[in-house]
Every structure is written in structure tokens, then in C-alpha cells.
Amino acid sequence: MSTGERERDESGSGRTGTFGDYGGQYVPEALMPALQELEDAYERFVLENEDGFMDEFRERMHDFGGRPTPLQRADRLSERYDREIYLKREDLVHGGAHKLNNALGQVLLAKYMGKERIIAETGAGQHGTATAMAAAHLDMPCEIYMGRTDVNRQRPNVYRMRMNGAEVNPVDAGSATLKEAINETMRDWATTVERTHYVIGSVVGPHPFPKMVRDFQSVIGEEIREQVREMAGRLPDSVVACAGGGSNTMGTFHAFVPDCADPRFADDSSGRRPRDDSVNLYAVEAGGSSLEVDEEAGLAPNSATLSTGTDGVLHGAMTKLLQSGDGQIVESHSVSAGLDYAGVGPELSHLVETGRVTPVSVDDDDALNGFHRLSRLEGIIPALESSHALGYLERAAGTAADAASGDGPRDERHDELGELVVVNVSGRGDKDLETVLEETEKRDLEAAPDVEVFDR
Amino acid sequence: MTDDAVDYDSDVEAAIRESRPALITYITAGDPTLEDTKAYVEALDRGGSDLIELGLPFSEPIAEGPTIQAAINRALEAGTTPRGFFELVDELETDAPLLVMTYYNLILQYGSEPDVRPFVERAAEAGLSGIIVPDLPAEEADPLREACDDYGLDLVFIIAPTTEGERLETIMSQVSGFAYVQARLGTTGARANVSTATHDSLARLSGYDVPKAVGFGVSKGDHAAEIVEAGADGVIVGSALVDIIASSDDPADAVAELEATATELKRGARRGATDDTEDDTNAEDAPEPEQP
Ligand SMILES: Cc1ncc(COP(=O)(O)O)c(C=O)c1O
Numbered sequence: 001m002s003t004g005e006r007e008r009d010e011s012g013s014g015r016t017g018t019f020g021d022y023g024g025q026y027v028p029e030a031l032m033p034a035l036q037e038l039e040d041a042y043e044r045f046v047l048e049n050e051d052g053f054m055d056e057f058r059e060r061m062h063d064f065g066g067r068p069t070p071l072q073r074a075d076r077l078s079e080r081y082d083r084e085i086y087l088k089r090e091d092l093v094h095g096g097a098h099k100l101n102n103a104l105g106q107v108l109l110a111k112y113m114g115k116e117r118i119i120a121e122t123g124a125g126q127h128g129t130a131t132a133m134a135a136a137h138l139d140m141p142c143e144i145y146m147g148r149t150d151v152n153r154q155r156p157n158v159y160r161m162r163m164n165g166a167e168v169n170p171v172d173a174g175s176a177t178l179k180e181a182i183n184e185t186m187r188d189w190a191t192t193v194e195r196t197h198y199v200i201g202s203v204v205g206p207h208p209f210p211k212m213v214r215d216f217q218s219v220i221g222e223e224i225r226e227q228v229r230e231m232a233g234r235l236p237d238s239v240v241a242c243a244g245g246g247s248n249t250m251g252t253f254h255a256f257v258p259d260c261a262d263p264r265f266a267d268d269s270s271g272r273r274p275r276d277d278s279v280n281l282y283a284v285e286a287g288g289s290s291l292e293v294d295e296e297a298g299l300a301p302n303s304a305t306l307s308t309g310t311d312g313v314l315h316g317a318m319t320k321l322l323q324s325g326d327g328q329i330v331e332s333h334s335v336s337a338g339l340d341y342a343g344v345g346p347e348l349s350h351l352v353e354t355g356r357v358t359p360v361s362v363d364d365d366d367a368l369n370g371f372h373r374l375s376r377l378e379g380i381i382p383a384l385e386s387s388h389a390l391g392y393l394e395r396a397a398g399t400a401a402d403a404a405s406g407d408g409p410r411d412e413r414h415d416e417l418g419e420l421v422v423v424n425v426s427g428r429g430d431k432d433l434e435t436v437l438e439e440t441e442k443r444d445l446e447a448a449p450d451v452e453v454f455d456r
Numbered sequence: 457m458t459d460d461a462v463d464y465d466s467d468v469e470a471a472i473r474e475s476r477p478a479l480i481t482y483i484t485a486g487d488p489t490l491e492d493t494k495a496y497v498e499a500l501d502r503g504g505s506d507l508i509e510l511g512l513p514f515s516e517p518i519a520e521g522p523t524i525q526a527a528i529n530r531a532l533e534a535g536t537t538p539r540g541f542f543e544l545v546d547e548l549e550t551d552a553p554l555l556v557m558t559y560y561n562l563i564l565q566y567g568s569e570p571d572v573r574p575f576v577e578r579a580a581e582a583g584l585s586g587i588i589v590p591d592l593p594a595e596e597a598d599p600l601r602e603a604c605d606d607y608g609l610d611l612v613f614i615i616a617p618t619t620e621g622e623r624l625e626t627i628m629s630q631v632s633g634f635a636y637v638q639a640r641l642g643t644t645g646a647r648a649n650v651s652t653a654t655h656d657s658l659a660r661l662s663g664y665d666v667p668k669a670v671g672f673g674v675s676k677g678d679h680a681a682e683i684v685e686a687g688a689d690g691v692i693v694g695s696a697l698v699d700i701i702a703s704s705d706d707p708a709d710a711v712a713e714l715e716a717t718a719t720e721l722k723r724g725a726r727r728g729a730t731d732d733t734e735d736d737t738n739a740e741d742a743p744e745p746e747q748p
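Note that the protein sequences, when read in sequence, are chains F and X.
Residue 456, in this note's numbering, is where the first sequence stops; the numbers in between run on with no holes.
Residue 748, in this note's numbering, is where the second sequence stops; the numbers in between run on with no holes.
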């Protein structure tokens, strides 16, 4: 490296801020000093707890954020799938999603760094909401960029951001979703970088964001470890989380990555050993309406980047992308705004490439069924993003009734999923009710209630 | 920089040193079509450009302001591809050396798998003299720099107002062609005045014996004069020229206006070098600058 002491790759490739072939810092020169400043602050405050940063962060996550969140045994799902199903209730974090774990961490860090202004992008609006809340809580001015399509489908969150005093700037370019919002936030940052911190909302972007966001989110998996040991006396066979950019995914998985028979994933510092009985990690992506890409139209009717993407550089990092053969980024699609993104975190790309994480996908219909099923069976209305993880459960496990009648599981991974499964419910679905009603009316969904009774 | 870097004659550096003060012009290839671009490049060449940058459009142009972003969208809608771009460059015969300005992902994807070499090889074959990549900082540039060295192309680095201290030294020691001095923080786009950041940046760079050209916001002869007077060896003008293309109904009008504007900008740059005020007459002919 040409610029002094820099952190080494976590998987030993020797490049800075990378995970195997993925990661890096592909940004305009104007932003490079800010990334160095952030890397320095991340190492001092987050990794070394300088000035008691992490103590203050944990205390605020407890008092303001409502942590720890419960790990709940889902009785009726357990019965349905004839195995133990536990739900990690990130929908109960203040603001209604895991996003606050990261937003509060970064806004607090910006404060420790002496920054004066916060900007962020948002897809589902959950990250924007969390950032606006954290900024209000810590008394920082805040501006949020959001694609026009997402403004229209996630109105409750737009109101909430405004209520908390944030400016919301709609972005009209392209398909006006998360990708375009990130472009616009980067432009703002390149103009105001000296006094502004950009709170990236997922484990994406240039180093050190993917690591730092993962660290703020890793509380999810750490709590699960402790809670599941207490409740079931052992580690789960499988952990399932939805993946957009991948922040709830990495937050849920990080503590379990070493629990793998492959010695490459053993983490000596934690004192854990590679185990024969691995914890399987499933990243559930949005299959949208189809996994095919229409190159001509520059459009993927899905956002299943880990399953179908190819390597390239987007938004500051080398990772897996939905792109054309020429390297133009294609528009993605998902019924859930928070998964509707053509990229994914570089660490997840690496974990998929090396076989530690298994990427799977469910389509819009399965996700909507997952939404209705959890609402009906467990009294929890999940975010459409999280509904993908729940949709996968149905696909992989099938129902106990199916199994009894000999129809068997609908996915060959039945046995791999195992007897004890934790699903991360990354957020609650209040923000999605309009979309769910609209999309449910168009379809014949097995798990849906009669939505025609709603007077719209 | 690799030790075994090949020594080659830099067309880019020569063009700036010989023509000092140099005029460097930018337009987006394929805006509104590649056929029009050919005529526009020739007009910029006749108008006295000493170097011409051709933008190869990428769908996520995070370093561009609204003007060039819109040009890129027009070019992509017209079906501009890297292959079509190189075919255009194959046909161009200009006095000014040509550089390609594009984003890293397009360079990586040109071959059958992610690798920078096929792009650089094709760029050299088409006669391009250098490459500018706004989302590739020096820290990530080794693979591309090595390929450029092998094929005798310059890889131009951008110096931002925030580039200081050790990073500045490292980058300046690796400059090839010229140092692209970003006049102000933010994205591309014509501005009404020259930023004080320009003067600070040029002052910081005054000890380095490499050609320095200033871009981001330059739109008229007076700016060019002021920038050259502040110590730049060249000025880079993009959005003001893209504005001409965007607002012309007839490509023939755009051709005439591009040539006239280039002439005017070059005159402004010369005025800054000689501090000669007799040339002042045309200063107000420049297009209305876009307000940030
Ligand atoms: C509830 C919820 N889950 C998941 C996501 C997807 O993001 P990530 O993959 O970073 O967890 C979002 C994004 O907005 C969200 O709101």
C-alpha cells in the first residue's frame, strides 16, 4: 500500500479493506481522505473503545433503542414445519427494524469525529427513519435521499423522517430506487465531505463501511447465540436472514461464521473451534417475478445478486452485481423496497464465493405469503423484506402435513435446514401495508386473508 | 508504480508542455449519437483543443453533476456501448491527442471476465493516449497503471481540494500525463466563478514539476485566464460544452458553436499566460453558466 499503515484483509489477500477478492475503496479522490479519517475513527472508537465510545453506544442502544430484543419460540410455525423455529425480534427495535443498530452507531461516531451534518440514503425508508431518529436524539442536522418510487411506496416512513426533523430529498433518476438514492448521496458527500458524515445504510460501499456496519449489527447474532443456548441448550442448525445490501444478514451471521467444519472460518480469537455440526447460514434474496435478466431492457425483475450476479465495482466496492455484459448496472426489482438493489455487501459475496453462506431466493408471491402467514399464525406483521426469510422457511421445510402425506419438502435442502432454525425478523411491516394490500389484490395467495373487505 | 514500468513518450504530457497554456475539452461520446460525436470532436479539434477527453458513458456516474449526467443518459439511451465507442475512436483523426474518461466497472468488464487489460489494449489499438477514471483512487490503481504502462498510455490522476500531505506526495510521484486538479469539491458542472480552492490547490502543487490542468466548473474565457494566471498549465472544460450540445436543435449549429467556444476558451487561457488585456473583447460571449 502506498499510504502508510493500513488494515489488512480479513481473509489474507493483502489488499486493504477487502474480503478475498471483494471490497476496496473505489470512490472519487475527494472522498479518500474522509474514508481514511473514518477508518481511523472506526479503529479507535469502535474497535478500541476510545473515550468509552462503545459503552455509550451500548447504553444508548439499551435505553433509546430497546435492546436486547427477544428470541421468541414461534409455536405455530414450529408445529407447521415440525421442528423448532425461533424468531429474532428485530422488529421490536426502536423505529421497527434492525437499521437503528447501525444508524445510532454511525451518528454517534460522527459526533465523536466532530462532524456537523448527517446525510443518508434509504430504500424502504427504515434506514432513513432510523438515521433521522438517531440524528434527532443526538441533535444533528440530517438530510435523507430517497428514490421517488420508494417515496411513493413507503409513505409512512417519509412522514416519520419529516416528523423527526430530517429533510427528505426525492431522487428521480433511473428507476428511482435505492441505487439512484446512493448515487445522489455520494454526490452530496463529495461536495460537503469536510463537515458531513454519510451514514451508509447497509454493509455496502467503500471500506471501512462494510466492516463497521457489520460490527454495529453483529449484536443481533451475539444475542441469538446467548439466547438460543439458554432456551435450547445448543446452537441452531440453521440461521436464516433476508439480504438486500446484507446488513441484517451479516449482523445475524457474523457470530456464527466460525461455527463451521471448514477450518478457514475458525476464529481463534473467540476461542471457538471448527465444529463438525456446522451452523448453516442462508441468505434469502428477492427473486422478484423471475430470475432472468432482460439485457436488452437493462432490467432484472429481481434483486438476487448473490444468486445470479457477477463480479464488478459499484458504489465504492468490488462485489457481486446485477450488470449487463458491458458492465452497465441493470435496474433491479422487488416487491420490497429494502431489497430492491443491484449490489450486495462485499463480505457476503466473499462468504458465498467460499461456500460459507448459501444464497437462496424466493419470489414476490412467496414473500407475500410469508408476510400473511406470520401475521396470521404468530400475530407478528413482518416487513416485506423479512417476509422473504419467512417465505424461504416454507419452501425449504414444507409443512408437516406435506411431509406426512408423502409430498415431502418442496426443496432438497429440507435436511440441511435441520431441527433448530433461527429466522431473523429484521423489521415490522407497518410501512408495507399499502403495498401488501395492493399486491395481494392482484394475486391468488394461499395465506392471504380476504383483502376485498378493506375499504380503499 | 512498478519498477519495471516501461518508459514511453507521453503524448499527453508533450501536448500540454508544448502548447502551454493548454485547452482540454470534454464531451460525452454518443450524446446524442456517436455520429454527432465525431463531428463535435472534430470541431473541438479545429477550435484549438490541445487534448480532448471523450466520456464513455456508465450508468452510475457518481462524479458527474446534472449536465454530464443527463448527457450520459442520452448517450446510453442512444445505445452507446464500449465497442461502439472504440469504433468511433478508430475513425477519428485529430491533431489533439484523445483520452477516454470512464468509470472503473466498464474497464473491468471489457473482456470475457473482469480484467483491465483487454480495455487498455483496445484503447491503445484505437489510438487513445490516456485514461481518466474518476472512481479509481491511486490506492486501487495498480492493475490499471501496470496495464497502461505496458501499452504506453497515460493514467491521469485527479487531485482534489481535500488531497493533502502524504497522499498528495504519493499521488504526485505517480502522475502520468498531467495532474487533473479538481477546482472545487463536488461534481462536474459549469459554475459562475473560479473557486478559491483552485488557487489553494495550485499553490500546494507549485513545487511539483508536472503539468497541472484545472477542471470542474470552468465555463468561460475569463475563468481560463484566471486559472492560468494562478499557475495552471491548462484548463479543462466539459459541462459548458455539453450544454451547447444539449441546447442545439441542429447538430450543424452545435458544431459551429463548439468550435467558436473552444477558440474563445483558448484565447482566454492565452490571455492568462501573457496577462495581455487586448484580447478581452470576447469574454462575454461565453454561454450562460449553469448555477450550482
Ligand atoms: C426491515 C428491513 N429488513 C431488511 C432490509 C434490507 O437491508 P439489509 O439487507 O441491509 O438488512 C431493510 C432495508 O431497508 C429493511 O428495512
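The set of hints was computed from the structure by calculation and includes no laboratory data.
Cβ atoms here follow ideal geometry from the backbone N, Cα and C, with glycine treated the same way.
Careful: at least some of the hints might be erroneous.
What follows is a list of derived Cβ distance ranges for each label pair [said to hold, decoys possible]:
hint, chain 1, residue 1, chain 2, residue 2, range
1, X, A729, F, T354, 44 to 50 angstroms
2, X, E491, F, E295, 21 to 27 angstroms
3, X, E549, F, E167, 46 to 52 angstroms
A few chain X residues that face chain F, going by a derived Cβ cut-off under 8 angstroms, partial list only [claimed, not checked]:
hint, residue
4, T537
5, P570
6, R623
Here chain F is said to cover these stretches of chain X; the calculated rule only asks that three of the stretch's residues, wherever they fall, bring their Cβ under 8 angstroms from a Cβ of chain F [unchecked claim]:
hint, region
7, 579-593
8, 599-611
9, 634-643
10, 657-668
Point to revise | Hints violated by the structure (numbers, ascending) | key: 1, 8 and 10
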